[in-house]
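Student: Take a look at the letters that make up each chain.
Protein chains: 2
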Amino acid sequence: MDSLHKVLIDFDRNRKILENFQFIRILRCNSKAKQICLECLYENAVAILIIEKQPFDENLAPKMIDKLWHSCRDIQNLFWNDIYGSYLIDLLFDQDKEIDSSLQKFFMTIIHPASAKDVEKYLEHSVVMVNETFELYQRFTAPYIKRQLDQLGHLQWLYNIVDGKAECDRKIYEDDEFLIVKDLKWRNNTDQLSAIEKKEIYLNAIVKRRDLHSLRDLTQEHLKILERIDTKGREVIANRYSINEKELRVFLHYQPSFYHLHIHFNHIKNEHHGFQCERAHLLSAVIENIRLVPDYYQKVSIEFPLSDASELKFY
Amino acid sequence: MDSLHKVLIDFDRNRKILENFQFIRILRCNSKAKQICLECLYENAVAILIIEKQPFDENLAPKMIDKLWHSCRDIQNLFWNDIYGSYLIDLLFDQDKEIDSSLQKFFMTIIHPASAKDVEKYLEHSVVMVNETFELYQRFTAPYIKRQLDQLGHLQWLYNIVDGKAECDRKIYEDDEFLIVKDLKWRNNTDQLSAIEKKEIYLNAIVKRRDLHSLRDLTQEHLKILERIDTKGREVIANRYSINEKELRVFLHYQPSFYHLHIHFNHIKNEHHGFQCERAHLLSAVIENIRLVPDYYQKVSIEFPLSDASELKFY
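So the protein sequences, as listed, match chains G and Z. Going letter by letter, the first sequence gives residues 1 to 315 in the working numbering. Going letter by letter, the second sequence gives residues 1 to 315 in the working numbering.
To be clear, the hints were calculated from the coordinates, so they are not data collected in a lab.
Identical copies look the same in the list; a pair holds intra-copy or inter-copy alike.
Taking lysine to aspartate or glutamate pairs in the EDC-like style, the calculated list, with each CA pair at most 16 Å apart, reads:
{"id": "1", "residue 1": "Lys6", "residue 2": "Asp82"}
{"id": "2", "residue 1": "Lys32", "residue 2": "Glu52"}
{"id": "3", "residue 1": "Lys32", "residue 2": "Glu271"}
{"id": "4", "residue 1": "Lys16", "residue 2": "Asp74"}
{"id": "5", "residue 1": "Lys199", "residue 2": "Glu58"}
{"id": "6", "residue 1": "Lys105", "residue 2": "Glu58"}
{"id": "7", "residue 1": "Lys16", "residue 2": "Asp66"}
{"id": "8", "residue 1": "Lys299", "residue 2": "Glu288"}
Assemble the whole structure, with the sequences as input and the hints as a guide.
Tutor: Structure representation (structure tokens):
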């Protein structure tokens, strides 16, 4: 069979050929990358068609803002709260209104009025990897954590959850030592999840005691609670949402975004959140390390990315 | 100041308001997620505008294939080789041809004729986490690796690189023990990289000896070569592409896609490739583990995701 690509040479011909592709099935669909892989049939042979939206062009951004609104067909508000609002924008289209209109749609979030801190949060910062020895941890990180915790009301929102004063409807398990709550990133209010919705699963286990701030505090004496969180957490989440316990990615962040021990549970196919190897530590590996070396986390150097915007500095 | 969102209520009014947003600067641009964050000015206050393309709708996929081609303005071939071809599709647009046309563009890859193995590669498989003890490794994984390596010519493409018979132009460093070559995923042929291009950096260190298959083979006796790969690799890449050595993410995969020890070097801001915590192990952590426990990787259980399509089975 001659290569199809050899004959895809001019516009009219290309279009005629492509019109003859017959759809068979979707092979995969990546919602983060805006990509879809399709199996098709063309001239009695299988063709795989991968379609991915193009990234925004940084050079065109200023122009885009000026001209975008002239091409809007619809601006639909999805949600608003205080300074935050989300919109679905639908652009005008020329020939065939029946065509997949999702190609012309995009999401827009507006934060207004935005403080310098809001801007800071979205601004891309320069990041470098830091290799934190335990001595560096004691000298710089531990005092930094203490300063954070000493701020009045710093973890009040979290203690409210632990004390049952907030987000009670987002709690799915509680015992003497820890509770499991839905993460704010997961906007879910039903237990009946479709296959696609299951991939979005995101919950956190929060320990009740207040003296464990991060990975660095963990030793052999915490093995039991870590093992119990691993076992019980998977079990509770798997039962509630009818998924396999082995389909969960269970991990801790170092550095975490707040210094009160919490463990993330998300779906192994979740593509949206911070599970990169330089920040996420699998709970199974943490347990294994402590089993092997009881004071593992008081001995090893840990490498992690540090933004120049962080208040944690190593000098 | 009253909330902007309160007044964004009907289409004509919304458009009028949005037309008055003044562009200040780009805060960040995520090429994988097709998202861009902009700082704007509206009524003397800062507004953050986050625009993200919408994912493809799985329900509309069959229809899309039928109707897409009617709306094409251009189908541009970017590349083709054998059964693989990449195209940039430009859709027709209604009102303002000057508007950011990238909103209407997308990439398309066609593989044709595709074998069952090609289809398999793109098909989404069910994946579960496996916790591989060293006993399980010896019983199932080691024989699986041996079967792979026993296949005639299995790693010939790699030995060709090591022996200087292939991809010589993609090699940027070589000594007695290892070499550093550009990864195939990184399509680069210049050393003068823009800030955006630097984020795409992706190279691999390949060891020359053929007896190290994976993480599981590493012991204290390999500490020296691992440390040298870490130091020399960062140095060579940083010098060649004028970046900071600390901006590199240096890691190994377990399971790797082929069983000959190789170490990945990519930019810490690279968003495209397999650096999730359940598969990627930071080289710094590997070195640290072996320093602490010389036979660490012959002792611990390692958790990793296993596709039901893999020939590695644990039963």
